[in-house]
Structure formats: structure tokens, C-alpha cells
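Use these hints to put chain R onto chain C, whose structure you have.
Spelled out from the first residue to the last, the chains are:
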Amino acid sequence: MGQTVDLKPVNLRLRRARRSTQIKEFAIQSFLIASSFVAILTTIGIVASLAFEAFRFFEKIPLTNFLFGLEWSPQTAIRADQVGSSGAFGVIPLLTGTLLISFIAMLVATPLGLLSAIYLAEYARPKTRGIFKPLLELLAGIPTVVYGFFAALVVAPILRNTGSGMGFEISSESALAAGLVMGIMLVPFISSLSDDVINAVPQALRDASLGMGATPAETITRVVLPAATPGIMGSLLLAISRAIGETMIVVMAAGLAAKLSLNPFEAVTTMTVQIVTLLTGDQEFDSTKTLAAFAIALFLFVLTLGLNVVALKIVDKYKRQYD
Amino acid sequence: MTDYTSENYIQENYALATSPSLRRRHAKEARFKWYGRIAIMIAFGFLVLMFSTIIFRGAGAFQQTNIALDVNFSEQVIDPSGERNPQALASANYKPLLTAALSKTFPEITARNDKRHLYKLLSSGAVFELGQLVSDDPSLIGTNQTIWLTASSEVDLFMKGKIDANLDETLRRISNKDISYIQALQKNGHIKKKFNSAFFTNGDSREPEMAGILGAALGSFFSLLVCFAIAFPLGIMTAVYLEEYAKKSKLTDLIEVNINNLAAVPSIVFGLLGLSIFLGVFHIPRSTPLVGGMVLALMTLPTIIIAARASLRSVPNTIREAAYGLGASKTQATFHHVVPLAMPGMLTGTILGMAQALGETAPLLMIGMVAFIVDIPHGVTDAATSLPVQIFLWADSPEKGFVERTSAAIIVLLAFLILMNLLAVFLRKKLERRW
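As you go down the protein sequences, you meet chains C and R in turn. Numbering-wise, the first sequence is residues 26 to 348 according to the numbering used here. Numbering-wise, the second sequence is residues 672 to 1106 according to the numbering used here.
Because the hints were derived from the structure by calculation, they are not lab data. Hints may contain errors.
[Unchecked claim] BS3-like, lysine-lysine: derived pairs with alpha carbons at most 27 Å apart:
1. R:Lys1101 / C:Lys152
2. C:Lys338 / R:Lys919
3. R:Lys865 / R:Lys786
4. C:Lys158 / R:Lys704
5. C:Lys338 / R:Lys921
6. C:Lys152 / R:Lys1100
7. R:Lys921 / C:Lys342
8. R:Lys863 / R:Lys786
9. R:Lys921 / C:Lys49
10. R:Lys704 / C:Lys152
11. C:Lys49 / R:Lys1001
12. C:Lys342 / R:Lys919
13. R:Lys699 / C:Lys152
14. C:Lys158 / R:Lys1100
15. R:Lys1001 / R:Lys919
16. R:Lys831 / R:Lys786
17. C:Lys342 / R:Lys918
18. R:Lys863 / R:Lys766
19. R:Lys919 / C:Lys49
20. C:Lys49 / R:Lys918
21. R:Lys699 / C:Lys158
Next up, chain C with everything else stripped away, as it sits in the complex (with noise of 0.2 Å):
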């Protein structure tokens, strides 16, 4: 009793471990945002490449000229005096053959999509869902090059000879197959986002309609979908932006001739389309022309980009609302 311990030396080596895990800590935490910052310097590197190389675009290509020319053909003349060599770069053409295909395919999506979705939420037992769900997600999971096989080597002479021996013409190549293919692959983002969203839509709502004698489908059209609108455009909107996006489908199955049309049987040509045609060319890094894909491009990740901020914001306002 009354002995004295002297806690110094003890003092200071529990200091001296506590200083080197403290900076042990801030250089893992510094590792840990420095890895985080790579989202944000992806984003600047597809802004800043895209933005660079449409610049360089606008210089020879007048803004307005890209953006309301109702022409496209970006082929440029090997000799600079030859006629046309200029070449016509107006993004009109391409947005309508894109927003074509956009439209068959939210056309073919919307439906399949939203019906599979409250037939799984809202009347399909446990089992059958637990078999459905898996089957419909399979459908995202295939890529999209074989649904371009498919499209332009079983749909579209399908649909060719369907036409032809209905006594009207359907090209080989057309915005129809391509759409029809791509709704099919949209279904799965639909079903599973409004899947969700149903889900959420409070159980006391469904109860007091049913309570009120509706059958079951009115409740479901009457009193869930209204207050799930907001959840399912949003799922919608996000299907679009991924339906303009869409590379392989089209690539294989829409066709290269940029005509301003809006007949869904002819073979209609789209951004992405002309992406990687001026792009997988042998031409040089300079030319108009692959300047051209960096300005689609921009005007492509702009679009999907401005739907997806929309889609969001909508889906995120709608999840508090329940909360």
C-alpha cells in the first residue's frame, strides 16, 4: 500500500503506439478516398475526351449544322475539290431512326414489362415466382450480341416473309426487327424496377380497397398503380435511356443508311450505328469523320445522362414518399 507506480514511461509508449496507428489510419483512409475519387475521374475523363474531340468537331462543323441538319453523310472526299466533299453532318436523321427504334421497343417493353411485374407482385404465388423472377432477370443477363444474332438471323427474315406474303415489303434490315428484339431485352429492367416499386406501395392502401368490394384488378388499377405512376416512370425512363444507348442490336440488325424516316420497315440507321462505323474504319485519328463519332457521342451520353438524372430524381422522391 502506498507504493507509487510511475506511469510515465507507460504514458508514453502507449502515446507513442496511439500516434503511429493514428497516421496509420489517415494513410488508409487517404488510400480509401483516393480509390473513390476514380468514379468521379471517370466522369471527367468522358466529359473532358468527348468534350475535346467535339470541339475540335464544332470547329470545322457549325454547332447548328450538327445539331438541326436534316442530312447525313459523313463521307468525305479524298481530294478536296471533288464535289460534296465536305460531307453532310446533321444529327436529325440519326435521332429520329434512334428514337424510332427507342419507340417499337418501349412499345414492346411497356406492356410486357408492367403486366409480368403485377402478375409477379400481386397475384402469383411464392412458387411461381420464385420461378418466373430468376427466368425474366436471365433475360438482362444474355448479351447483347446474341440478341443481335438473333435479330437479324431469325426475326428479321421472319418478319420479311410475314411481310412479303402479306403483299407489303420489308427490308432485310429494319427498325422493326431491331425494335421488336430490343423491347424484348428491355422487359427485364422494367419488370424487376416496378417490381420493386409495387412492392412498396403500403399494404394498408390495397386492404381498404378491397375492404371498399373492389375485385383485385381494380385495386390494382385504380389505387396501386396510381401511387406507384411515379416509380414506374421513372423505370421507364431509365428502359429509353438504355434502348438510345443500345450498340449491338442495332449495329446488327438496323442498317447504315441514314434516311429521315419513320417507316419502322425500312432499315433505319442510329447514333450508336454511326459510332462505330466512322470508328472501326481505317481512316485516321483526325479526319472529320471520327471527330463526327466524338460529337455523337457527346450528344448521346448528354441525352442518356439528362434522362437518367430525371429517372432518378423521380424514383427517389417516390421511395420517400412510403417511407
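What follows is chain R alone, placed relative to chain C:
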């Protein structure tokens, strides 16, 4: 009080149940239910149709028609010097051996034109097959051997019934003479469909019968290796930072928004990023799995981060608190306890991300992995294609023999994807803990 069993009530209800409006509503209910069933059936039917067509079309490619010839490996022709120099053996002219063997099998054919038809029964790659045999085993020189050689694509298609012999001779790619030769070979049993091992061991080729997927498969493998080496650590560290360390701030909000938006950027845009930054600024060799893997890594990063965060979030706080209670620092608690517990979920997410990267085509087209490459890549800096790009290239080819090979390559690709998904499901079932 109402008497529910009274005659009156039942009658009233009966009237209600048979009322036209209620019947209409019930019919609508049944119809609505059927709409849902039909929608699922259509999507599912499409899946079945797609799989069955691809399997039906591609199954043939796993067999290849071969022709047996008695080849005399004459030393005078292959190695007149007798040195057995491996390089000289590989580059020797084997064509005379084939012509001699064919004349031996068909001694009655002497006309020059007919002979030319005869040579066309064999693939133009048959001489290389002989060269390969001899350089693998020089003791063959000077002996007589019966060798099964690859037949040409036309013969193969005919043997598989893909060319209609009843068609007019000018409309099909195989002449009546060719058919008579094939029938003569068939009589002796010298022509046969065998398992197509070349499909799994060759690189790409202009000749459908010599084309294989090994080069593309290895290209995919090396790309995925690079992709994994970059995306897995980066993804997990980002997830750990955002879930365990970061306080909610403008910066973390920005990172989060970035990740969510990157997940929805069209894949082709990543290809352009690779083209102008990785190739244009950093001068990484074009068409290599290295640059392909880097682009795929940036593309799969959001998937991995989102899955890893969900997995970290599912680790209960009690684990962290127990670690702190025993004096662990934040880093120790995180890396000794939380991350290992979240690892199965992170791995599952990573495998799914890799599966997505394996099926990706568009960004690879942008960085030159779309070239015609015969050589099989041996590392991440050799020029290569990938499986989906190979499918795209073959699907584009006008040669009829490539049609079944395209489907066969799709079967192989889908098999790998299914394997990876099964592995992910297995990991989730076996290792993931429910808290």
C-alpha cells in the same frame, strides 16, 4: 338483427351475384389476370425460342467432316537434307504429299480439271495439319500413315445436309462431280464426321472449317483478368470508404451521384473514353486485352461498388461495436472484422460484374479489338479479340460455313455466363450469412 340464412338474403345475394355489372367486373378480373400470364409467357417463350434456335443451329459445329488419306511422308519431299531442322519441317511444302495421296485414293482420275476438283475436297488448311503432325513427331518421315484431314467447308455443309443435292448444279456451291467423289469416299468409310476439336484449339481463320474460338476465349480471359485486377480492389475500397468511413458531405454525395450515373452510361461511351484517353493519351497498345480490360473495369466498377456497399451494410453494427469495445481502431474493426464478413456478398457482386463484362461488345469495338487476328494471344499485351466480338465478326461474315460456328460460339459464351452465374448463386447460398 339480420338473419343471414333467411330465404330473402340468399335471394338478394343471388340477384347480386348474377347482376350483369358484377359479372362484367369478375370477367374483367379474370381477363386482367390472364394479361399478366400472357405477358410472362411471351417473354419466356422468346427466351425458349432464342435458346432453341441457337442450340439447333450451333450443335452441328461441334462436329467436322474429315477425310482419311494414306499419306506417304516422303523424306525427299519434306526434308531432302535429312537434318530434321524443326523450322524447315514446319515450313516445308506438304502439298505434294496431299496430291500423291489423293491420286492413290482416286487412281482413275487423271484429267487436270478433275484433279483440281479433287483437291478442293480438302480444306486449304490440310497442308498445315500435315506440317503440324510432322513437326510434332519427326519420326513419321519416311512412313505410310492413314491420316484424317479436315474437309473443306462445302464438303462439310454437304455432309451435314445443309446443301440441297436436288438443287440445280449451278445454284449450289458443290458440283455433281464433287458429290460423286464424296460418295466414293463414303463407300470406303474414308469420310466421316468427327468431334471438332479444332474449334476449341484454333484461332480465327478465313476458312470456316479451320476457324476456332481459342484465340477469342483467351482474349476474353486476359481482358477479364485485367478487369478483375483493377475493378475488384478499387470497387471494394470505394465501397468501404463510402460505407464505413465517409461522413455525409457534399463530396460523398458527388461520388454517389457519379457512381449511379456511371452505371447508366451507354457502354459504347466507355469505349470512346478508352480510345481517346487510354490509347490517345497513354499510348497503351491497341487491340490488346490490357486496354480492353481497363475499359471493362471502368464499366463494371459501379456494379461492384453497389453490390459491395449492400454487402457491407448487411453486416450488423454489433460486430463493429464489439471490435471497438476490445480496443480496435476503425481500420482494424473494418478490415479485420467487417470486410471479411462482407466478402461473400462482395465476391458475388464481382462475379456478376465480370459476367456482364464478359458479354460486352460495343466498347471493345472502339479500341480495336475487332481486328482479324489469327494468332492465339499469350498475354495481356498481345493483340486479341474477345468471345462476343468474335461472334459479331462471324455473324457479319458472308461465308455460309460461319453461320453454325457463330451459333456454336454463342453456346460457348452462354455456357461460360451460366457457369459464372451459378458460381455466384452457389457462393451466395453457401457463404453468405443471414444476420
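Hint check results:
1. R:Lys1101 / C:Lys152: Holds. R:Lys1101 to C:Lys152 sits at ~21 Å (cutoff 27 Å).
2. C:Lys338 / R:Lys919: 19 Å, holds
3. R:Lys865 / R:Lys786: Satisfied, since the Cα-Cα distance of roughly 25 Å is no more than 27 Å.
4. C:Lys158 / R:Lys704: It holds: about 17 Å lies between the C-alpha atoms, which stays within 27 Å.
5. C:Lys338 / R:Lys921: 17 Å, holds
6. C:Lys152 / R:Lys1100: Satisfied, since the Cα-Cα distance of roughly 18 Å is no more than 27 Å.
7. R:Lys921 / C:Lys342: 19 Å, holds
8. R:Lys863 / R:Lys786: Measuring from Cα to Cα gives roughly 21 Å; hence the hint holds.
9. R:Lys921 / C:Lys49: 26 Å, holds
10. R:Lys704 / C:Lys152: Holds - the C-alpha atoms of C:Lys152 and R:Lys704 are around 17 Å apart, at most 27 Å.
11. C:Lys49 / R:Lys1001: 11 Å, holds
12. C:Lys342 / R:Lys919: 19 Å, holds
13. R:Lys699 / C:Lys152: This hinted pair holds, its Cα atoms lying about 25 Å apart.
14. C:Lys158 / R:Lys1100: At roughly 18 Å apart (the allowed maximum being 27 Å), R:Lys1100 and C:Lys158 satisfy the hint.
15. R:Lys1001 / R:Lys919: 17 Å, holds
16. R:Lys831 / R:Lys786: 24 Å, holds
17. C:Lys342 / R:Lys918: The given pair, whose Cα atoms are some 22 Å apart, holds under the 27 Å limit.
18. R:Lys863 / R:Lys766: Answer holds: R:Lys863 to R:Lys766 is near 22 Å, not above 27 Å.
19. R:Lys919 / C:Lys49: 23 Å, holds
20. C:Lys49 / R:Lys918: 19 Å, holds
21. R:Lys699 / C:Lys158: 25 Å, holds
Of the numbered hints given earlier, the model fails none.
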